[in-house]
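Participant: Okay, here's what each chain looks like letter by letter:
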Amino acid sequence: MSVWGALEIVAWVLSAGIALWMVADLVRVGREYDEDFLTTAVEIDRVPTDDEEGGVR
Amino acid sequence: MQEAAPGPARREEHLSLLKVLSPVHIWALGVGIVLVGEFMGWNFTVEKGGMYGSLIAAWVVGLLYTSLVMINSEITSTIPAAGGQYAQAKHTIGPLMAFNVGLYLTMAYTMLEAANANVLSYLLTELSGLLGSSQGLSAYPFATLAIVALAFLNYRGVFTSLSINFVITAFAFLTIIALFIGIRGWNPGANMFLGGLTGEVANGLPYGWIGVIAAFQFGMWYYLGIEGTAQAAEECRSASRSIPLGSMAGIVTLIIAATLTWYVAAGLLPWQYLGTAITPLFDVARVADSGVLVVLLLLGTLCATLASANGCINDASRAWFSMGRDRYLPAWFGAVHPRYRTPFRAIVFLIPVAIAFAILPVLLNNPTLLSTVITFSILSGLLGYSFMVPNFFRFRRLWPLGSVRRGYVLPFHPLPALALGILAALVFFATFLGYGTVLLSILAFYFLASIWFVVRRYKYVKRGAQFTAPLPRPKGY
Numbered sequence: 001m002s003v004w005g006a007l008e009i010v011a012w013v014l015s016a017g018i019a020l021w022m023v024a025d026l027v028r029v030g031r032e033y034d035e036d037f038l039t040t041a042v043e044i045d046r047v048p049t050d051d052e053e054g055g056v057r
Numbered sequence: 058m059q060e061a062a063p064g065p066a067r068r069e070e071h072l073s074l075l076k077v078l079s080p081v082h083i084w085a086l087g088v089g090i091v092l093v094g095e096f097m098g099w100n101f102t103v104e105k106g107g108m109y110g111s112l113i114a115a116w117v118v119g120l121l122y123t124s125l126v127m128i129n130s131e132i133t134s135t136i137p138a139a140g141g142q143y144a145q146a147k148h149t150i151g152p153l154m155a156f157n158v159g160l161y162l163t164m165a166y167t168m169l170e171a172a173n174a175n176v177l178s179y180l181l182t183e184l185s186g187l188l189g190s191s192q193g194l195s196a197y198p199f200a201t202l203a204i205v206a207l208a209f210l211n212y213r214g215v216f217t218s219l220s221i222n223f224v225i226t227a228f229a230f231l232t233i234i235a236l237f238i239g240i241r242g243w244n245p246g247a248n249m250f251l252g253g254l255t256g257e258v259a260n261g262l263p264y265g266w267i268g269v270i271a272a273f274q275f276g277m278w279y280y281l282g283i284e285g286t287a288q289a290a291e292e293c294r295s296a297s298r299s300i301p302l303g304s305m306a307g308i309v310t311l312i313i314a315a316t317l318t319w320y321v322a323a324g325l326l327p328w329q330y331l332g333t334a335i336t337p338l339f340d341v342a343r344v345a346d347s348g349v350l351v352v353l354l355l356l357g358t359l360c361a362t363l364a365s366a367n368g369c370i371n372d373a374s375r376a377w378f379s380m381g382r383d384r385y386l387p388a389w390f391g392a393v394h395p396r397y398r399t400p401f402r403a404i405v406f407l408i409p410v411a412i413a414f415a416i417l418p419v420l421l422n423n424p425t426l427l428s429t430v431i432t433f434s435i436l437s438g439l440l441g442y443s444f445m446v447p448n449f450f451r452f453r454r455l456w457p458l459g460s461v462r463r464g465y466v467l468p469f470h471p472l473p474a475l476a477l478g479i480l481a482a483l484v485f486f487a488t489f490l491g492y493g494t495v496l497l498s499i500l501a502f503y504f505l506a507s508i509w510f511v512v513r514r515y516k517y518v519k520r521g522a523q524f525t526a527p528l529p530r531p532k533g534y
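As they're listed, the protein sequences go chains Y and G. This note's numbering puts the first residue of the first sequence at 1, with every later residue one more than the last. This note's numbering puts the first residue of the second sequence at 58, with every later residue one more than the last.
Keep in mind the hints are simulated off the structure, nothing from the lab. Don't take each hint at face value.
[What the hints assert, rightly or not] Below are the SDA-like pairs computed for lysine to any residue, each with C-alpha atoms no more than 25 Å apart in a straight line:
no.: 1; chain 1: G; residue 1: K519; chain 2: Y; residue 2: W21
no.: 2; chain 1: G; residue 1: K516; chain 2: Y; residue 2: E35
no.: 3; chain 1: G; residue 1: K516; chain 2: Y; residue 2: T39
no.: 4; chain 1: G; residue 1: K519; chain 2: Y; residue 2: M22
no.: 5; chain 1: G; residue 1: K76; chain 2: Y; residue 2: T39
no.: 6; chain 1: G; residue 1: K519; chain 2: G; residue 2: W389
no.: 7; chain 1: G; residue 1: K532; chain 2: G; residue 2: I150
no.: 8; chain 1: G; residue 1: K76; chain 2: Y; residue 2: A6
no.: 9; chain 1: G; residue 1: K519; chain 2: Y; residue 2: T40
no.: 10; chain 1: G; residue 1: K519; chain 2: Y; residue 2: D25
no.: 11; chain 1: G; residue 1: K76; chain 2: G; residue 2: R294
no.: 12; chain 1: G; residue 1: K76; chain 2: Y; residue 2: D34
no.: 13; chain 1: G; residue 1: K519; chain 2: G; residue 2: L505
no.: 14; chain 1: G; residue 1: K519; chain 2: Y; residue 2: A6
no.: 15; chain 1: G; residue 1: K76; chain 2: Y; residue 2: V42
no.: 16; chain 1: G; residue 1: K516; chain 2: Y; residue 2: D36
no.: 17; chain 1: G; residue 1: K516; chain 2: Y; residue 2: M22
no.: 18; chain 1: G; residue 1: K519; chain 2: G; residue 2: A388
no.: 19; chain 1: G; residue 1: K76; chain 2: Y; residue 2: G30
no.: 20; chain 1: G; residue 1: K76; chain 2: Y; residue 2: V13
no.: 21; chain 1: G; residue 1: K76; chain 2: Y; residue 2: D36
no.: 22; chain 1: G; residue 1: K76; chain 2: Y; residue 2: M22
no.: 23; chain 1: G; residue 1: K76; chain 2: Y; residue 2: L26
no.: 24; chain 1: G; residue 1: K516; chain 2: Y; residue 2: S2
no.: 25; chain 1: G; residue 1: K519; chain 2: Y; residue 2: V42
no.: 26; chain 1: G; residue 1: K519; chain 2: Y; residue 2: T39
no.: 27; chain 1: G; residue 1: K76; chain 2: Y; residue 2: Y33
no.: 28; chain 1: G; residue 1: K532; chain 2: G; residue 2: L153
no.: 29; chain 1: G; residue 1: K516; chain 2: Y; residue 2: V29
no.: 30; chain 1: G; residue 1: K76; chain 2: Y; residue 2: W12
no.: 31; chain 1: G; residue 1: K76; chain 2: Y; residue 2: F37
no.: 32; chain 1: G; residue 1: K76; chain 2: Y; residue 2: V3
no.: 33; chain 1: G; residue 1: K76; chain 2: Y; residue 2: E35
no.: 34; chain 1: G; residue 1: K519; chain 2: Y; residue 2: D34
no.: 35; chain 1: G; residue 1: K519; chain 2: Y; residue 2: D36
no.: 36; chain 1: G; residue 1: K516; chain 2: Y; residue 2: D25
no.: 37; chain 1: G; residue 1: K519; chain 2: Y; residue 2: E35
If we strip away everything but chain Y, and leave its shape as in the complex, we get (with noise of 0.2 Å):
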């Protein structure tokens, strides 16, 4: 086998590697956490004060 072909095998088994690995974390948050939880984010806590610099009305 070449170098390029054991590249390529490299590639397939990092790549399943990686996806597996997200996935499983995927997984286990979403049994970890209550899902109201996770998607209850806060969009915005906060606005531009006066006191912030660069800011104008």
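Following the hints, put chain G in place on chain Y, whose structure we already have.
Facilitator: Only chain G this time, still in chain Y's reference frame:
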């Protein structure tokens, strides 16, 4: 740069995306997505309009994007929410436009990411050939690895992924400067032949002014994606400072990069070749006959491609996440990772979509499918730009100057908004000349998606929570 410390959020808290980004990251996000366009793609303007047509396109379309960036800076510094233009449309117009804009953003960035992964495979195949490999390299594993690895970076945290983007984007930009210095660009008589420009006037504008207008479509390559800086607003330590500063610095960088790119390429390559080249800047380095420049430009092209794909993952996932958070899509997509504080489900969901678009042109042995994917991305972006014009007029009407604190105020209103509208219409016309059928197909796709939204999803939308920004009551309400 100091690494932020994402940690497990306490369960009684409300989660939020991590606020760790500075103007440098915003610059890296905006320029990172775009810069690959200077390494490849922009040169199709030369095929359409000739050398001068390409330069006119670079500057006229540059005006379109400058207007866009200024408009973005004012609204986003006031409504610093993930989703960028989606959040703007949600606050100023309403759910149907917001859904459309969110979908444009997701499709534009995911398709661009797929095209980048495809190009990366192509570059590696070329590299293997240059290194003497006789075996044809498969495009699948490297395109897949690029998408998955970059998605992993984004999954683990925005600070690291955009810090890396800063390094590789800055390197790619410096390779363009190195090319200019390497060929002694300040002294055109030294190494440059100006083959496309000297001689007959027809070399500069071979197809006249209609060719110049046709070139506008590909002129977008010089800047497409700079508007993505708005997507990161929610993750900035101070959006009112970071978004205007990072975005303005970004568009200035891109105008310089576009002009330099045009200048060195016009000076060393004949326009007939340049108009169809796949990697024009790399070809300039080869013509310059400098081993160092060839290596630098190859690395620059690779870095620019990676930076673009990385930025696209960031932006597409934020748009998709925001729509999930507001129930425009199933709420499942609107989740934030409790440890990394990233929109992790949106990031993972879009991986197979991007891989599919990246490898389909290879799988079906249909290279024109890649250009269709790219055109889909460009047109989705363009649709979003044209919607920003009424968005901005309405934003100024609902919250006039003096009523709310802004991080940046757009000067000379309404001229930039009008310029954006007129130039976007001109680019639509140019696209219609070249890709009329694709344009109509894309419009039909978004029309059907809108029907789906109205019939099936609208009932789930949190209508009472559209105004998520803590702004004063809009004028007239």
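Participant: With reference to the structure, classify each hint as holding or not holding.
Facilitator: Status of the hints after comparison with the structure:
This hinted pair does not check out: G:K519 and Y:W21 have alpha carbons roughly 33 Å apart, beyond 25 Å. About 21 Å separates the Cα atoms of G:K516 and Y:E35, which keeps this hinted pair within 25 Å; it holds. At most 25 Å may separate the alpha-carbon atoms for a hinted pair to count; G:K516 and Y:T39 meet this at roughly 18 Å. A C-alpha spacing of about 30 Å is found between G:K519 and Y:M22, which places the hinted pair above 25 Å, so the restraint is violated.
Between G:K76 and Y:T39 the CA atoms are separated by roughly 18 Å; this keeps the pair inside 25 Å, and the hint holds. Of the supplied pair hints, the one linking G:K519 and G:W389 holds, its CA atoms being roughly 14 Å apart against a limit of 25 Å. At roughly 14 Å between alpha-carbon atoms, G:K532 and G:I150 fall within 25 Å of each other, so this suggested pair holds. The suggested pairing of G:K76 with Y:A6 is violated, with an alpha-carbon distance near 41 Å, which exceeds 25 Å.
Of the supplied pair hints, the one linking G:K519 and Y:T40 holds, its CA atoms being roughly 12 Å apart against a limit of 25 Å. The suggested pairing of G:K519 with Y:D25 is violated, with an alpha-carbon distance near 29 Å, which exceeds 25 Å. About 5 Å separates the Cα atoms of G:K76 and G:R294, which keeps this hinted pair within 25 Å; it holds. Proximity of G:K76 to Y:D34 is assessed by CA-CA distance (about 23 Å); at most 25 Å being required, the pair is judged to hold.
A threshold of 25 Å between alpha carbons decides the hint, and for G:K519 with G:L505 the separation of about 22 Å falls inside it, so the pair holds. Our distance criterion of 25 Å between C-alpha atoms is broken by G:K519 and Y:A6, whose separation comes to about 51 Å. Between G:K76 and Y:V42, the direct Cα distance comes to roughly 12 Å. Compliance with the 25 Å bound is thereby established for this hinted pair. Annotation: proposed proximity of G:K516 to Y:D36 holds, straight-line Cα distance about 19 Å (limit 25 Å).
Between G:K516 and Y:M22 the CA atoms are separated by roughly 32 Å; this puts the pair beyond 25 Å, and the hint is violated. Between G:K519 and G:A388, the direct Cα distance comes to roughly 11 Å. Compliance with the 25 Å bound is thereby established for this hinted pair. The hinted pair formed by G:K76 and Y:G30 meets the criterion: a straight-line CA distance of about 23 Å does not exceed 25 Å. The suggested pairing of G:K76 with Y:V13 is violated, with an alpha-carbon distance near 34 Å, which exceeds 25 Å.
The straight-line distance between the Cα atoms of G:K76 and Y:D36 is roughly 21 Å, inside the 25 Å bound, and the hint therefore holds. Between G:K76 and Y:M22 the alpha-carbon distance is near 23 Å, which keeps this suggested pair within the 25 Å criterion. For the proposed pair G:K76 and Y:L26, the alpha carbon gap of about 22 Å is at most 25 Å, so the pair holds. A C-alpha spacing of about 57 Å is found between G:K516 and Y:S2, which places the hinted pair above 25 Å, so the restraint is violated.
Proximity of G:K519 to Y:V42 is assessed by CA-CA distance (about 14 Å); at most 25 Å being required, the pair is judged to hold. Restraint check for G:K519 and Y:T39: satisfied, since their Cα atoms lie roughly 13 Å apart, inside the 25 Å limit. Between G:K76 and Y:Y33 the alpha-carbon distance is near 22 Å, which keeps this suggested pair within the 25 Å criterion. Among the hinted pairs, G:K532 with G:L153 is consistent with the structure: their alpha-carbon atoms are about 22 Å apart, no more than 25 Å.
This hinted pair does not check out: G:K516 and Y:V29 have alpha carbons roughly 28 Å apart, beyond 25 Å. For the hint linking G:K76 to Y:W12, the alpha-carbon distance of about 34 Å lies beyond 25 Å, and the restraint is violated. Distance restraint check for G:K76 and Y:F37: the Cα-Cα separation of roughly 19 Å lies within the 25 Å cut-off, and the hinted pair is therefore satisfied. Our distance criterion of 25 Å between C-alpha atoms is broken by G:K76 and Y:V3, whose separation comes to about 43 Å.
A C-alpha spacing of about 22 Å is found between G:K76 and Y:E35, which places the hinted pair at or below 25 Å, so the restraint holds. Taking the CA atoms of G:K519 and Y:D34, the gap is near 20 Å; set against the 25 Å cutoff, the hint holds. Using a Cα cut-off of 25 Å, the hinted pair G:K519 and Y:D36 holds, with the two alpha carbons roughly 15 Å apart. The straight-line distance between the Cα atoms of G:K516 and Y:D25 is roughly 32 Å, outside the 25 Å bound, and the hint therefore fails.
Proposed proximity of G:K519 and Y:E35 is supported: the alpha carbons are some 17 Å apart, at most 25 Å.
Hint compliance for this structure: hints 1, 4, 8, 10, 14, 17, 20, 24, 29, 30, 32 and 36 are not met, and every other hint is.
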